[in-house]
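If you want the building blocks of each chain, they are given just below.
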Amino acid sequence: MNTPLIKLENVTINAPSTQTLGRKSKLGDAAQHSVLVNNVSFEVASGEVLAIIGPNGAGKSTLLNTLAGDHEYSGIIEIDGLQANPKARARQLAVLPQLSLLNFPYRVSEVVGLSRIPHSTGQQRDAEIVQEALSLMDISFLSERLYTELSGGEKQRVQLARVFAQIWQAEDAENATRVLLLDEPTAALDLGHQHQLMRSIRKLAEQGVAVIMVLHDINLAARYADKALALLCSERLAFGTIDEVISEENIRALFEVDVHIAEHPEHKSPVVIGL
Amino acid sequence: MNSIAPNRQFKRRVLFVGAVLLLPLSFLMALAFGTINIAFSDTLISLLSVASNNDLLSRADLVIQEIRLPRALLSAIVGALLGICGATTQGLFRNPLADPSLIGVTAGASAGAALTIFFASSLSAFTSANLLAMSGLGLVSLGAFTGGAIAVIIVYSLATNQQGTSVATMLLAGIAITAVAGSLTNILEFFGDEEMLRRISLWRMGGLDGASYSRVLLAAVVGSVILLILPRFSTALNALLLGESEARHLGLSVQSIKIKLVLLVAAGVGTSVALAGTIAFVGLIVPHMVRLSIGPDHRYLLPVSALGGACLLLLSDTIARTIVSPIELPVGVVTAILGAPFFISLLRRRHEFGIR
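Protein chains in written order, with the numbering used here: chain A, 1179 to 1453; chain B, 11 to 366.
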C-alpha cells in the first residue's frame, strides 16, 4: 500500500457568496443550501489514477478546481511536498479546465509552449518538450497551425499537450511531486483518441504522476483508472477501487438507470451495459 | 524540422526592422511637410543644428525647431503610448476589440482632465503663471490618470468573469461611461469661462497643436517609464490570453498583475489624453495589424505596436496639418476617419476572433 500523495479529509466547499452585498440577512437561509461539496474524503497515491464520476452538478468540477487552488474550503487538503510559491507549485501541479476560450491566433506550438512559463529549463529544452508533448497527443502535424482554426477535438488535444508539458519532467518539480488535474479530458475526443489519451495518462502515472480526472464515460474510468470517487448531490457516495465503486447499485443511485455489469473479455475490468 | 516555423520568426524580424526604419522616416516627414514645405536635406541640417545654439536662425529653422520638432516628438511619444496601451488592454480583456477609446477609458480620462482644469483654474490666482503651466499640466495628467483608471476598473468588473470578457457588455459599458463622462464634461463647459471652454474642447477633439517642450518633457518622462515597464508583462499577458485561472495555474499572481496593468494603462492613456486629447483608434488599428502579421505573442506585439503607433500618429498628424492647409484639422479627426471603417470591418469579421 502506497502512502498517499494527496489526502482530503472532510472537505466542504460552499458556493462563493456573490450576492451577499447588503442582502445578507435575506440570503442567510439560501446560503446554507448552496453547499457544492459536502464532507468529502479520499486519498490518491503517486502513480495512481483517480476517476471522479457522478451526475451533472454533483460537484465534480468544483472539487477538482478546489484541489487546483481556485476555491475556499473547509476541512483538510494535503498534497505531500507541494510548494507554497505559485511558480514552484505550477511546476508540480497542472490543470486542464473543462472549457477553454482562447481566441487569439497563437500557433499550436506557442499554446503548448505557454506551459513552460513557470520553468527555467531554457528555450532549447522547452522547444523539445513542446514537440514531445505534441507527439504524445498525436498532433505534431498541427504544430504550426493557428489554434483558432482547429476543430473542437483538436483544440482539446492541444490543451492536453499544454497541460502535460507543464509537468513533463520529474526533475523540474520540487520533491518530484507531480499532480495532474483533468476536467472531462475526453469530452471532445473521438473513440480512438479517447483511448490514446488514457494510455498517455497511464504512461505519466507510471512515472509517478498522481492523476485526478472527472470522467463521464464510466467504461473508460473502469478500464484505465485505479480508483474511483462517486459523487452524488455534493456528497461522497462511494470511494475505492474500481470494482468496489462501479457496481449496479451505485450506478443506479448515481444516474437513475438500470444497468448490467459484465466483465471485459481481455482486461477483466467491469463494463457497464445499459439495459 | 518544419517550414512554417521560421516564417513567423522571419516576419517578426522584418516587421520590427521595418517599423524601426519607418519611424525616423515618418518623423522626418512630420518635420518637413506643413504649411510651408521644407526640403528633407534642409530639415536634416536644421535638426542637426538644434544643439549648436545658433543665433542666426532662418525662418525654416524657426519653424522646425520651435513648432514642428516639439509637435513631432509629442506625436511620436503619444502614438507609442496609445499603441502599446491598446495592445495591453486587448491582452488584459482577452479581446481584440478592447480599445481604450471604445471602452470609455479615454472618455473617463477626458472627464478627469476637464474636472482638473475646472477646479485648478480657481487656484490659479495664487500661483505665478510660469509655475502654473508646468504644475497645471502635471495636475491635469493626474486627473486624466484617475479618470482613466476609474473607467477601466468599472468596465473590467462589469464585463469580465471567469469565462473572459463579454464584448457586448464591454462596449455597452464603454458607451455608458462615455455618456456619463461626456455629460460631466458638458456641465463643466457650461459653467466654465471662455478660456476653459477652449481648452476643454481642444481635449475632446484631440489635437497636437498645443505641443511645447514642457509637454514633450512630461510625455517623455511618463512615456519612457511605461514603455520600459509594460514589456516586462509580456509573458504574463501571453498566459492571460488562455484565461485567468489558466494563468494562475501557470504560477502567475493574476490579481496583482491585473491591478498593475490597469494602473499602467490608465497612466499611459491619461497622459496621452492630458497632452493631446482624445485620439481614437490608434490603439485598435496598430496592435491588430501587428497581430495579423506576427501573431499575439506580446514579447513582439508590445514593442512593435509602440513603434507602429508612433509612426501612425506622426503620419496622421502630418496629414491633419497639410490636407486642407493652411487650416489644420485636429489629428483625432484623421485617426477617426482612418479607424472607424477599420473597426467596422473588424466587427464584420468578429467570428474569426471567436467572438459571439
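Any given hint could turn out to be false.
[Claimed, not checked] Calculated pairs, BS3-like style, for lysine-lysine (alpha carbon to alpha carbon, straight line, at most 30 Å):
#, chain 1, residue 1, chain 2, residue 2
1, B, LYS268, A, LYS1265
2, A, LYS1265, A, LYS1381
3, A, LYS1446, A, LYS1185
4, B, LYS270, A, LYS1265
5, A, LYS1446, A, LYS1265
6, A, LYS1446, A, LYS1333
7, A, LYS1381, A, LYS1446
8, B, LYS21, A, LYS1333
9, A, LYS1265, A, LYS1333
10, A, LYS1446, B, LYS21
11, A, LYS1333, A, LYS1381
[Unchecked claim] Short, incomplete list of chain B residues facing chain A, as computed with Cβ under 10 Å:
#, residue
12, ARG104
13, ASN105
14, PRO241
15, ARG242
16, ALA257
17, ARG258
18, ARG301
19, LEU302
No lab work stands behind these hints, which were simulated from the structure alone.
Nothing here was measured: the structure is a model prediction, and the numbers come from that model.
From the three backbone atoms N, C-alpha and C, an ideal C-beta is built for every residue, glycine too.
Against the structure, the hints:
Restraint check for LYS268 of chain B and LYS1265 of chain A: the C-alpha separation of about 17 Å stays at or below 30 Å, so the hint holds. For a cut-off of 30 Å, the pair hint linking LYS1265 of chain A to LYS1381 of chain A stands: about 25 Å separates their Cα positions. Taken as a hint, the LYS1446 of chain A and LYS1185 of chain A pair is honoured in the structure, with Cα atoms around 29 Å apart against an allowance of 30 Å. This hinted pair checks out: LYS270 of chain B and LYS1265 of chain A have alpha carbons roughly 19 Å apart, not beyond 30 Å.
For the hint pairing LYS1446 of chain A with LYS1265 of chain A, the CA-to-CA distance comes to about 42 Å; that exceeds 30 Å, so the pair is violated. Proximity of LYS1446 of chain A to LYS1333 of chain A is assessed by CA-CA distance (about 33 Å); at most 30 Å being required, the pair is judged violated. The hinted pair formed by LYS1381 of chain A and LYS1446 of chain A meets the criterion: a straight-line CA distance of about 20 Å does not exceed 30 Å. Distance check on the hinted pair: LYS21 of chain B and LYS1333 of chain A sit about 25 Å apart at the alpha-carbon level, within 30 Å; holds.
Among the hinted pairs, LYS1265 of chain A with LYS1333 of chain A is consistent with the structure: their alpha-carbon atoms are about 25 Å apart, no more than 30 Å. Taken as a hint, the LYS1446 of chain A and LYS21 of chain B pair is broken in the structure, with Cα atoms around 55 Å apart against an allowance of 30 Å. Restraint check for LYS1333 of chain A and LYS1381 of chain A: the C-alpha separation of about 22 Å stays at or below 30 Å, so the hint holds. Taking 10 Å as the C-beta contact cut-off toward chain A, the hint placing ARG104 of chain B at the interface holds, the least distance being around 7 Å.
Taking 10 Å as the C-beta cut-off, the interface hint given for ASN105 of chain B holds, the closest approach to chain A being about 8 Å. Among the interface hints, the one on PRO241 of chain B is violated; its C-beta lies about 16 Å from the nearest C-beta in chain A, farther than the 10 Å criterion. Among the interface hints, the one on ARG242 of chain B is violated; its C-beta lies about 14 Å from the nearest C-beta in chain A, farther than the 10 Å criterion. With 10 Å as the threshold, the beta carbon of ALA257 of chain B comes within range of chain A, its nearest partner Cβ sitting at about 9 Å, so the hint holds.
For the restraint placing ARG258 of chain B at the interface with chain A, the shortest Cβ-Cβ distance is roughly 7 Å, inside the 10 Å limit, so the hint holds. The criterion of a C-beta within 10 Å of any C-beta in chain A is met by ARG301 of chain B, whose closest approach is roughly 7 Å, and the hint holds. At about 8 Å, the closest approach between the beta carbon of LEU302 of chain B and any beta carbon in chain A falls short of 10 Å, and the interface hint on this residue holds.
Taken one by one, the earlier hints fail for this structure at numbers 5, 6, 10, 14 and 15, listed in ascending order.
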